[in-house]
Amino acid sequence: MAQRKAFRWHIVVFLAPAVLVYTAIMIIPLIGTLNLSLFGKAEGGRVFVGLANFATLFGDPRWSTAFWNALANNAWFFLIHMLVQNPVGIMLAALLSSPRLRMAAFYRTAIFIPTILSFVIVGFVWKLILSPIWGIAPGMLDAVGLKSLFAPWLGREGTALTTLALVSVWQFVGIPMMLIYAALLSIPDEVIEAAEIDGVTGWSQFWKIKLPLILPSIGIISVLTFVANFNAFDLIYVSQGALAGPNFATDILGTFLYRTFFGFQLQLGDPHMGATIATAMFGIILVGVCIYLFAIQTRLRRYQF
Amino acid sequence: MTGKLRLALLASTMLAGTAAAQDVTLTVESWRNDDLQIWQDTIIPAFEAANPGIKINFAPTAPAEYNAVLNSKLDAGSAGDLITCRPFDASLELFNKGQLADLTDLASMANFSDVAKSAWQTDDGSATFCVPMASVIHGFLYNKNAFEELGLEPPKTVDQFYAVLDAIKEDGTYIPMAMGTPDQWEAATMGYQNIGPTYWKGEEGRKALIDGSQKLTDDAWVEPFRQLARWKDYLGDGFEAQTYPDSQNLFTLGRAAIYPTGSWEIGVFEPQIEGAFEMGAFAPPVAAEGDTCYISDHTDIALGLNAASPNADAARTFLEWVGSDEFASLYANALPGFFSMNSNPVEMQNPVAQEFVSWRENCEPTIRSTYQILSRGTPNLENETWNASANVINGTETPEAAAERLQEGLASWYEPQKN
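Those protein sequence lines, which keep their order, are chains A and B.
Here UniProt numbering is used: the first residue of the first sequence is 1, the next is one more, and so on.
Here UniProt numbering is used: the first residue of the second sequence is 1, the next is one more, and so on.
This is chain A alone, in the form it adopts within the complex (with noise of 0.2 Å):
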């Protein structure tokens, strides 16, 4: 008769630290404000509500603007930088590849460098280059002649948000840069020989061969990228304030999270709405991570070496 293995105590004990620490901060946390969303206060306490909290989230003239405004806002974010910082930053990777390119490494120094910035000096210091008063961006317009192309952008509903969509991509170009750098180091130089053979160069090259190559690094960056900006708050909250002005231009979920979570001036916190926006907010990304893992993660090809 067989003896029944023992049990593998050890793959427990190993396992222990990381379940125990991701458990302690991250889960925790996570069901506790899922938990706060389903209560309300009232005389004397917090009392269970249900799901009232969504109800007046989705059903409240006032708060479901905010939160549609908030998510346009937060969708437009994330648009620039599918649009801008991802293709540019590929672009850069190419260059960088390109075994031509003299001082590659400080290029790539160079342009990483923002990654590591706080988000604070990063606002602040476009805050000032932006500067209609102390600027010198209406200085450098105005020496190539296109002063009248200045305007008060970080101060104007129509272009509040894209410039700051477009800050946050000066400073982060750097990690798609990196990211695909890697993925076009590792195409082995067999696949680039044998296309060169069959006389396929240059850019043909880079569209047939290496950008099916490094499409898999793209789906991860893509959804990087999602998750980033739908938690974003840092960037706004620093240069624009918690009210994200102006008139709510450039409010995203995270600002209004933080506005509604913690108050603001004369207005008291709402930890049970805030929390609602929060399961909100954690819920659209939970969405949009399983949208890119079931839907095109499993259709993206592989290719063996």
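In short, the hints are calculated from the structure, not lab data.
Mixed in with the good hints, there may be bad ones.
Simulated restraints on C-beta separations [as the list claims (entries may be wrong)]:
| id | chain 1 | residue 1 | chain 2 | residue 2 | range |
| --- | --- | --- | --- | --- | --- |
| 1 | B | D123 | A | L293 | 51 to 57 Å |
| 2 | A | G50 | B | V69 | 42 to 48 Å |
| 3 | A | A52 | B | S78 | 33 to 39 Å |
| 4 | A | G283 | B | K144 | 57 to 63 Å |
| 5 | B | A76 | A | P114 | 43 to 49 Å |
| 6 | A | A55 | B | V69 | 52 to 58 Å |
| 7 | A | L79 | B | N362 | 53 to 59 Å |
| 8 | B | N71 | A | G50 | 26 to 32 Å |
| 9 | B | E415 | A | G50 | 25 to 31 Å |
| 10 | A | A52 | B | E408 | 42 to 48 Å |
| 11 | A | L293 | B | P416 | 50 to 56 Å |
| 12 | B | G53 | A | G50 | 56 to 62 Å |
| 13 | B | N362 | A | V120 | 27 to 33 Å |
| 14 | B | D114 | A | P29 | 43 to 49 Å |
Every residue gets a Cβ at the ideal spot worked out from N, C-alpha and C, and that includes glycine.
Using the hints provided, position chain B relative to the given structure of chain A.
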């Protein structure tokens, strides 16, 4: 031998005990850490000299943390004897929880007007729980040298106000008015709440709004927005992205001629200007010559008594003194721009501060319209007013539409405005 020693020890403990009982130390909780030196050098020595046996320990915390720190200290029973009071709801909540003592019977309360006390009273005004210390007055600062250069007089009426602005604009040397809209509170606090009381007749309008007999869509409440919309043409290039520090710098560097503001700037600006030009002040202009003027004399800071304090008697002695003329004069002179709310006028050395406070003689005082009761709900009227004021100056919302939106928001949760 041991017996004697014991006796000696006992005696010395008893002596020490009586000595400690004579010297009561009162701890003051405050968010004004900027004022630490003023308390230690001026206020505390003056009080201790007159009241031997009571020692004062001023223990401030950082302004942003004050409310949270104070609340937890009060809950834990470790808060100081004297509590610096924020205006309105923050302190009212402490009183309702029984953490601030009722000070209605304090003799020095008679030195303060009802408006001065309103920030630290129950809604019906029956109980007062903090002694008012200081208020800030809204008005306009101006560059006297620029005015002399252009031959201008500080305006008294609205027409004169715009005539002065037009003249500065035409000359082109100075930006007529330093104000920006991205921070929003400048537009609301230094714009709307500054000129507004003239139109809604100060306390009369403010109270009528609270009891529901006036609406934000009434002409008296829309007119300040119409005025703000006119300001747009006199602000500097790119005012849509001009922050509050930008505005301050434009004025102190002498690039802007007029600065709509509050008196708290006096103490900040004077060292920055350092005699580069002379600073003057004028009150919010009235509609027609001879009209009653109204000023926002906003109650900002007061001192209350921790209901759990073991030294209540000594603390009351100190509070009586805080309500006295002597304290008023010490405080107002140490901090130009923070005015005593004492009904007896205070002698002040600073000429600009004197100018501000002189308006109290002829003008009717009021406080910011959104602070009492009206900002308890969601949407928050104060925050909405910031947004509306900035929109109106930017020209992205008409005064009427802004007023309509504010009224709708207020009526959505405030009973007296529902109908």
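(request) If any of the earlier hints don't hold here, list their numbers in rising order. (result) 2, 6, 10 and 13
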